[in-house]
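Peer 1: These protein sequences, in sequence, are chains S and X.
Residues in the first sequence are numbered consecutively from 50, following my numbering.
Residues in the second sequence are numbered consecutively from 6, following my numbering.
The set of hints was computed from the structure by calculation and includes no laboratory data.
Model, not experiment: these values are computed from the prediction.
You may find that some hints are simply not true.
[Said to hold, decoys possible] Beta-carbon label-pair distances, calculated as ranges:
id: 1; chain 1: X; residue 1: 154; chain 2: S; residue 2: 239; range: 34 to 40 angstroms
id: 2; chain 1: S; residue 1: 249; chain 2: X; residue 2: 146; range: 22 to 28 angstroms
id: 3; chain 1: X; residue 1: 189; chain 2: S; residue 2: 330; range: 43 to 49 angstroms
id: 4; chain 1: X; residue 1: 88; chain 2: S; residue 2: 322; range: 37 to 43 angstroms
id: 5; chain 1: S; residue 1: 246; chain 2: X; residue 2: 88; range: 22 to 28 angstroms
[Stated by the list, open to error] A partial selection of chain S residues facing chain X, derived with a Cβ cut-off under 10 angstroms:
id: 6; residue: 230
id: 7; residue: 257
id: 8; residue: 261
id: 9; residue: 262
id: 10; residue: 344
For each residue, glycine too, the CB sits at the ideal point set by N, CA and C.
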Amino acid sequence: MLLDFALPAHDRKLIPEGRLSGPMPWVIAIMLFLTILIAAMGLSLAYAIRDGGNDLAQQATVQIIEPDPIERATQKVAVSRLLREIPQIDSVNSVPDGEVRNLLKPWLGNDVIDADIPVPALIDIRFKNAPDGATVRALKLRLEEAAPKIRIDSHSSWMAPFFDLMSSLILLTLAIFMLLLVATSAVVILAVRSTLNTHRSTIEIMHMMGGTDLQAARLFQRRVALDALLGGVVGFGAAAAVILTLGGRIAAVEPALLADATLPWYGWLILAIIPLAVMCLAMLMARWTVVSALKKML
Amino acid sequence: MWRVFGLMQSVVEFDNVGLRYGTGAETLTDLSFTLYPGSFYFLTGASGAGKTSLLKLLYLAHRPSRGAIRMFGHDAITLPRDRLPGFRRRIGVVFQDFRLVPHLSTFDNIALPLRIAGIQEKDLKSPVTEMLDWIGLTERADARPATLSGGEQQRVAIARAVIGRPEMLVADEPTGNVDPEMARRLLQLFAALNKLGTTVVVATHDIHLLQEIQGAQMMRLDKGRLSDPTGSLRHPPRPLVLKN
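Whole structure, please, built from the sequences with the hints as guidance.
Peer 2: Shown next, in the form of structure tokens:
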């Protein structure tokens, strides 16, 4: 059995176990620290895309590009009324002109904004479900009856390149995650081979007395499992401290999209499973390494 | 091809066996003999004659380069690797260099074959304690091999080899490091096992030991070839017939 590492005390003595005395638990701790950090990054990005993406995909901004301020105000009221009558739209928020001017001040400067230059009227809308292109085009046609110079900006369209970048980063974190698992497996194999060489004479004696390959493999499995568990606890603890510290700082950052890049409770659950998964992987690697090496002996 | 002596099945049969390490000359050449249950054999010969190599074939540490070996009624050459442990548990081995596990106590070293065979802890304390008493090392039950003298280590190695009551005991110079009195006692232990039906093969330089065991047969190796000075291997005396 893979998990039968609860060996009797006398069997444990065959391959002495020095807790945290060798480099193996520390190397696994470092590998797991990096693995959990990269997994947390990937999960955070994935949640940010899912939550933020869904949110943005439902939003759009209606611009009324009418130079005459009185006509623009009239059209804004008419368009707002029309929008509230459309059942697919969940909410309509007419952005005050003052707020629009404040938004433009950093780009155009106070003097220009204070002058009487035409600024489009903005209405933020939220759809009940993310609209497709046809829905947006149909809405535009309908609104043009009230305001001929109208434009609808779906938020998902201008955020698309950003989400593409985020998706690429998720793939990158997945690749790094897999590479770290491969590197951890390699570390385990090297450590087991080294231990096997150190205790070769003991294993040979066991063999000569009728010990099986699996009996020997179990001794190494247990040792590696304990090393991996200790390394996992240390690595997870350090990674959790970093994630919590960074999470607090990210939550304080604008825009709100970044604030979405924090881990929900089930994200933590996934991260907590990683050390256990790595322990099982390490045991499998140990078993495979020992059995493969012993097969070369008679 | 395989000979059966009367109705009794042999423990070991060698037929034209040769052993070569790497590409060198043959260490053992044209060995053909039969070992019967309950028999006692002394294997003699000068240093380098091939005694240890022959013993390694007997305790299944090596496979021969040629020839055929039959052990406990099975072809040992084609025996699948995963069946070797079962056969090895039927053989007790005393290594020339003792090969005790250095980080285990005397008690744990002696108990090792029983634990490997899956004997429960409650069932092994008594035989191990008895064996410790027999070899006179009760006081050193917790000692590590490094703290034992050469003779004490040898006694532990012998105790470890015999504690599982093997069907065949193979001992390589088992009395080389003990005083004559202890050598006699150890041989008595071997003889007692032999009377219980264990086939014993003892490799030794000491020809005086041969007189200690009545009815023991001698195998002599000379430059890898087996000579049979008493003729007992070709015409073995009727072996001990065991009753259940």
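Peer 1: Regarding residue 249 of chain S and residue 146 of chain X, is the given constraint of 22 to 28 angstroms on their beta-carbon distance met?
Peer 2: holds, 27 angstroms
Peer 1: Less than 10 angstroms between beta-carbons is the criterion; does residue 262 of chain S satisfy it with respect to chain X?
Peer 2: Nearest chain X Cβ about 8 angstroms off; hint holds.
Peer 1: Given residue 261 of chain S as an interface hint, is the shortest Cβ-Cβ distance to chain X below 10 angstroms?
Peer 2: Hint holds; residue 261 of chain S Cβ to chain X Cβ min 5 angstroms, cut 10 angstroms.
Peer 1: The hint says 22 to 28 angstroms between residue 246 of chain S and residue 88 of chain X; measuring C-beta to C-beta, is that right?
Peer 2: About 27 angstroms separates the Cβ atoms of residue 246 of chain S and residue 88 of chain X, which means 22 to 28 angstroms holds.
Peer 1: State, for the Cβ atoms of residue 189 of chain X and residue 330 of chain S, whether the hinted interval 43 to 49 angstroms holds or is violated.
Peer 2: This hint is violated: roughly 57 angstroms between Cβ atoms.
Peer 1: Under 10 angstroms, Cβ to Cβ, is where residue 230 of chain S needs to be relative to chain X, so tell me if that hint holds or is violated.
Peer 2: violated, 31 angstroms
Peer 1: Restraint: residue 257 of chain S near chain X, CB-CB cut 10 angstroms. Satisfied or not?
Peer 2: holds, 6 angstroms
Peer 1: Holds or violated: the hint that residue 344 of chain S contacts chain X, with Cβ atoms closer than 10 angstroms.
Peer 2: Since chain X brings a Cβ to about 7 angstroms from residue 344 of chain S, closer than 10 angstroms, the hint holds.
Peer 1: Does the Cβ-Cβ separation between residue 154 of chain X and residue 239 of chain S fall within 34 to 40 angstroms?
Peer 2: Cβ of residue 154 of chain X to Cβ of residue 239 of chain S: about 39 angstroms, so the range 34 to 40 angstroms holds.
Peer 1: Take the C-beta atom of residue 88 of chain X and the C-beta atom of residue 322 of chain S, compute their distance, and say whether it sits inside 37 to 43 angstroms.
Peer 2: At 40 angstroms between Cβs, range holds.
Figure legend: structure checked against the earlier numbered hints; hints not met, in rising order: 3, 6.
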